[in-house]
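> At position 40 of the sequence shown the residue is numbered 40 (the working numbering), and the sequence of numbers has no breaks.
Everything labelled a hint here was simulated from the structure, so no lab data went into it.
All C-beta atoms in this analysis are idealised placements derived from N, C-alpha and C, irrespective of residue type, glycine included.
Among these hints, one or two may not hold up.
[Said to hold, decoys possible] Restraint-style ranges between C-beta atoms, simulated for each label pair:
(1) Trp35 to Val60: 13 to 21 Å
(2) Gly19 to Val65: 30 to 38 Å
(3) Pro21 to Ala45: 30 to 38 Å
(4) Ala41 to Leu64: 29 to 37 Å
(5) Leu24 to Pro61: 19 to 27 Å
(6) Leu64 to Leu24: 18 to 26 Å
(7) Leu70 to Ser26: 14 to 22 Å
(8) Met29 to Val65: 14 to 22 Å
(9) Val42 to Gly72: 31 to 39 Å
(10) Pro61 to Gly19: 25 to 33 Å
(11) Ala51 to Leu28: 36 to 44 Å
(12) Ala30 to Thr56: 18 to 26 Å
(13) Leu28 to Leu69: 39 to 47 Å
(14) Trp52 to Ala30: 17 to 25 Å
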Amino acid sequence: MTSLFNLAVPLLCRAAGIGVPEGLVSALMASFLLWAAIIMAVFHARTAARAWLWLTGATVPLGLVVWLLLHGGAI
């Protein structure tokens with residue numbers, strides 16, 4: 001999920017008119033926050049199945065954002 005996040009943030013920054021270096025740095029810094037949130041959520045889950053369901057459910061919308069940004073909105 002963090003790799004998708006590292007793809008999505010620079011693409012969103014590019015779409016917002018922010019330069020590539022700033023987009024990469026912001027993606028790197030934000031991915032550390034996401035990683036910490038993932039670790040806390042996984043350890044908070046009561047079962048491994050719930051942790052996997054949460055991770056899958058959070059990854060699908062992020063994957064759709066990356067897909068739309070890479071393909072210009074064409075589905």
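> To test your reading of the hints: which numbers does this structure violate?
Of the numbered hints, 2, 4, 11, 13 do not hold.
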